[in-house]
Amino acid sequence: MRIATHKPVPPAVLGVLFALPWIVGFGIFQLYPILASAYYSFTEYNLFKPPVWVGLENYRELFNDDRFFKSMFNTLYMTVIGVPLGLFFALICALALNTPSRLQPFYRAIVYLPTIVPVVAATYLWRWMLNAQYGYINAILGGLGLGQPLWQEDATWTKPALLFIGFWTVGGTTIIFLAALKEVPQSYYEAADIDGANWWSKFWNITWPAISPVTLFQLVIGVIGSLQYFTQAYLFAQERLNTPSGGPEDSLLMYGMYIFQNAFSYLNMGYASALAWILFLVALACTLVILGFAGRWVHYEGD
Amino acid sequence: MGTTRRQLIVRGSQLAAGAALAPAFLTLSPRASLAQDKVTIDFPYLWTGPEGEAMQKIADDFNASQGEVEVKGVSNPDQQRQLAAMASSNGFDISDGFDNQIGTWADNGAIQALDDFISGSSYDTSDFIPSVLEKMSFDGKTYALPVAVHTTLLLHNTTLLEEAGVEPPKTTSELAAAIEALTKVDGNGAIQQLGMQQPDFVSFAYSFGGQWIDDQNQPTANHEGNIAALQFWVDNVLNKYGADNVKRFQSGFGEYASPQNPFYTGKVAMVTDGEWQARFTQQYAPDLKWTAAPIPVPDDKPELEGTSSIASSIFFIPSNASDADAAWAFMQYVMSPDAMRDFTVALANLPTRQSLLKDKAYEEIPGMHYWLESLSSKNLKAMPNVPWGQEYGTEITSTIDEVINLNKTPEQALNELQEKAKGLAG
Numbered sequence: 001m002r003i004a005t006h007k008p009v010p011p012a013v014l015g016v017l018f019a020l021p022w023i024v025g026f027g028i029f030q031l032y033p034i035l036a037s038a039y040y041s042f043t044e045y046n047l048f049k050p051p052v053w054v055g056l057e058n059y060r061e062l063f064n065d066d067r068f069f070k071s072m073f074n075t076l077y078m079t080v081i082g083v084p085l086g087l088f089f090a091l092i093c094a095l096a097l098n099t100p101s102r103l104q105p106f107y108r109a110i111v112y113l114p115t116i117v118p119v120v121a122a123t124y125l126w127r128w129m130l131n132a133q134y135g136y137i138n139a140i141l142g143g144l145g146l147g148q149p150l151w152q153e154d155a156t157w158t159k160p161a162l163l164f165i166g167f168w169t170v171g172g173t174t175i176i177f178l179a180a181l182k183e184v185p186q187s188y189y190e191a192a193d194i195d196g197a198n199w200w201s202k203f204w205n206i207t208w209p210a211i212s213p214v215t216l217f218q219l220v221i222g223v224i225g226s227l228q229y230f231t232q233a234y235l236f237a238q239e240r241l242n243t244p245s246g247g248p249e250d251s252l253l254m255y256g257m258y259i260f261q262n263a264f265s266y267l268n269m270g271y272a273s274a275l276a277w278i279l280f281l282v283a284l285a286c287t288l289v290i291l292g293f294a295g296r297w298v299h300y301e302g303d
Numbered sequence: 304m305g306t307t308r309r310q311l312i313v314r315g316s317q318l319a320a321g322a323a324l325a326p327a328f329l330t331l332s333p334r335a336s337l338a339q340d341k342v343t344i345d346f347p348y349l350w351t352g353p354e355g356e357a358m359q360k361i362a363d364d365f366n367a368s369q370g371e372v373e374v375k376g377v378s379n380p381d382q383q384r385q386l387a388a389m390a391s392s393n394g395f396d397i398s399d400g401f402d403n404q405i406g407t408w409a410d411n412g413a414i415q416a417l418d419d420f421i422s423g424s425s426y427d428t429s430d431f432i433p434s435v436l437e438k439m440s441f442d443g444k445t446y447a448l449p450v451a452v453h454t455t456l457l458l459h460n461t462t463l464l465e466e467a468g469v470e471p472p473k474t475t476s477e478l479a480a481a482i483e484a485l486t487k488v489d490g491n492g493a494i495q496q497l498g499m500q501q502p503d504f505v506s507f508a509y510s511f512g513g514q515w516i517d518d519q520n521q522p523t524a525n526h527e528g529n530i531a532a533l534q535f536w537v538d539n540v541l542n543k544y545g546a547d548n549v550k551r552f553q554s555g556f557g558e559y560a561s562p563q564n565p566f567y568t569g570k571v572a573m574v575t576d577g578e579w580q581a582r583f584t585q586q587y588a589p590d591l592k593w594t595a596a597p598i599p600v601p602d603d604k605p606e607l608e609g610t611s612s613i614a615s616s617i618f619f620i621p622s623n624a625s626d627a628d629a630a631w632a633f634m635q636y637v638m639s640p641d642a643m644r645d646f647t648v649a650l651a652n653l654p655t656r657q658s659l660l661k662d663k664a665y666e667e668i669p670g671m672h673y674w675l676e677s678l679s680s681k682n683l684k685a686m687p688n689v690p691w692g693q694e695y696g697t698e699i700t701s702t703i704d705e706v707i708n709l710n711k712t713p714e715q716a717l718n719e720l721q722e723k724a725k726g727l728a729g
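Residue numbers (the numbering used here), protein chains in the order written: chain C, 1 to 303; chain R, 304 to 729.
By construction, these hints were calculated from the structure, which means they are not laboratory data.
For glycine and all other residues, C-beta sits at the position ideal for the given N, C-alpha and C.
Hints may be right or wrong, so weigh each one.
To spell it out: a stretch of chain R is covered by chain C in this simulated footprint if at least three of its residues, at any positions, have a beta carbon under 8 Å from a beta carbon of chain C; those stretches are [claimed, not checked]:
# : segment
1 : 376-382
2 : 409-421
3 : 583-594
Restraint ranges, calculated between C-beta atoms of paired labels, are given here [stated by the list, open to error]:
#  : chain 1 : residue 1 : chain 2 : residue 2 : range
4  : R       : V377      : C       : I221      : 32 to 42 Å
5  : C       : P105      : R       : K487      : 38 to 48 Å
6  : C       : L281      : R       : G490      : 34 to 44 Å
7  : R       : V377      : C       : I81       : 38 to 48 Å
8  : C       : L163      : R       : Q519      : 42 to 52 Å
9  : R       : G557      : C       : A121      : 11 to 21 Å
10 : C       : L163      : R       : S422      : 52 to 62 Å
11 : R       : K487      : C       : L281      : 50 to 60 Å
12 : R       : S679      : C       : L144      : 54 to 64 Å
13 : C       : E61       : R       : Q521      : 14 to 24 Å
14 : R       : G490      : C       : I110      : 36 to 46 Å
15 : R       : E465      : C       : A121      : 38 to 48 Å
16 : C       : D66       : R       : E437      : 26 to 36 Å
Bound-form chain C, shown alone (with noise of 0.2 Å):
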């Protein structure tokens, strides 16, 4: 009698094994959607009848698309002017947090609350505060002897108001900030104080330096988000039966929401496709563009 003897898997084999799930996974929900994405965009499909090649056609179009324009206008309004502002915002608070006092854990807590509330519930409540006639925000306003815009329905100020429900949510990243500021170590600042160094000289020449590389993650990871901004938007914009809408003069149109409304409003499913593909060419410049600079002020440790 033979015992079988069996040959050992090689670990190169094993390890693909182990990760096929993952694999099968990615390539289903994926790769094969980014895939047939860019196919779709060079097509005419309706998803219900097969597509129809049109070569560039759905790219051409683009240029003589004022919505595309002025989607793509407001969604980098929001990342040009909206990520930076949301930046400062939570440093600002991270730096306030970070100072010595009994109640700090209450004051994270009161700061990280707004980032827990469904944001759809968020927005929703939002409309209310900044109702131009009923708003608790107009009605403060007009206390303190302001102008008090129409933030819903002023093509001007829909924007901004995004921008302030936007902040109100700075929690996480004020989160992360803090942690970053934690990690600064003490004796820099022990070092700087035996100099005389002021708090502004102290922050420019150690805190700053030392949490560049977290403020380059927030930054890429904000506009990356930012130029996919849709759910409040969407809530702003909506109108009854929830029809495709973009707000007073399509001032809440954005890129995300117009690529919804070609795919399912529209059903022009390749030009969406080809709007989708644009957004990643965006997304992919930006990205880049800041990662290239990135060099001039991001700091790591050991450099």
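Given the coordinates of chain C, work out where chain R should sit on it, guided by the hints.
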């Protein structure tokens, strides 16, 4: 509602990520059949609140009336979600919508032609109001059946009109005078009461002789009647009281289907609206005294008298329905005289069957006669079904936006819209 909306949003943001997940994703698995001994069909409807309950009752009655098909109804007042479901592998079997969607949907292949069902079951369509039934077709095929038809009138708050000594206006110059007499502004220019609520300009334009698409299915966005309708609003409301003041006033308006509707609370004295107001006012504002009359027409165009938009609520079967035969059985039931009467009386909607127009059941609804009478007008206007109707609608909305924000004159804005519309139609 939260979850469903979130699902939509998630799908939207997945697309935005550059990975257009949804389209490929949705076609993956074939729909599992729910059939056991009874066939179950899914029926989401756009009606909500008391109207939704009335629809649910029709579905329940149908379920009780036979043993073969079980209709699972659910209120879903979300048109974007509806269409997303129609494009997915996990859709529904039958639902409702509006006649202006038929062109786009039929052209896309999203909904099924009903001709085979109609001929197969020798279904008699001769009782439907011919002009309404005609709107159910696209490219020579019938794609839907109408359960209710809607016209638009001008409603007046009797108390406010009497207070101001104003008679219900018949011409646009009388309307302008009425708006002025019925608008109250405080010392700071803030509006306390507005003579008329901003109308739906698509139907308002019809009363000025306007038109949006002509008989050759070509856009006529800059028709002089359309310009005149928008100009009327600019001259008599926006320039007079300030566009910002009007917007600020409107921002405080309560929910449409609630006692806080600005017409019920007396914030606006007149409003253009549909026949369901006969029931809404009963439900939400039982003490309100009101009358209704056709929307005023220009003094020099008396031939336009009685002009109204006409639209209908439709039932359709999506192309991805799992059991179209069962859906057709339910559709026939909904369209039957008894069910249609029950439903349209419950909602105070106009029936689409000629045999029901004189039915006594509608008489018990106070004010319903105004709209029943309006149906005999020679000037009922609707947009023809065109494949680009949906996108044209969106463009019209943003054009009107530009006008009411006074960024462009009506003429300028509508000329630009015409150019865009030609692109859509071409």
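How the hints compare with the structure:
{"no.": "1", "hint": "376-382", "verdict": "holds (count 3)"}
{"no.": "2", "hint": "409-421", "verdict": "holds (count 3)"}
{"no.": "3", "hint": "583-594", "verdict": "violated (count 0)"}
{"no.": "4", "hint": "V377/R / I221/C: 32 to 42 Å", "verdict": "holds, 38 Å"}
{"no.": "5", "hint": "P105/C / K487/R: 38 to 48 Å", "verdict": "violated, 54 Å"}
{"no.": "6", "hint": "L281/C / G490/R: 34 to 44 Å", "verdict": "violated, 55 Å"}
{"no.": "7", "hint": "V377/R / I81/C: 38 to 48 Å", "verdict": "holds, 42 Å"}
{"no.": "8", "hint": "L163/C / Q519/R: 42 to 52 Å", "verdict": "holds, 47 Å"}
{"no.": "9", "hint": "G557/R / A121/C: 11 to 21 Å", "verdict": "holds, 20 Å"}
{"no.": "10", "hint": "L163/C / S422/R: 52 to 62 Å", "verdict": "holds, 59 Å"}
{"no.": "11", "hint": "K487/R / L281/C: 50 to 60 Å", "verdict": "holds, 55 Å"}
{"no.": "12", "hint": "S679/R / L144/C: 54 to 64 Å", "verdict": "holds, 58 Å"}
{"no.": "13", "hint": "E61/C / Q521/R: 14 to 24 Å", "verdict": "holds, 21 Å"}
{"no.": "14", "hint": "G490/R / I110/C: 36 to 46 Å", "verdict": "holds, 42 Å"}
{"no.": "15", "hint": "E465/R / A121/C: 38 to 48 Å", "verdict": "holds, 44 Å"}
{"no.": "16", "hint": "D66/C / E437/R: 26 to 36 Å", "verdict": "holds, 34 Å"}
In summary, the numbered hints that this structure violates are 3, 5, 6.
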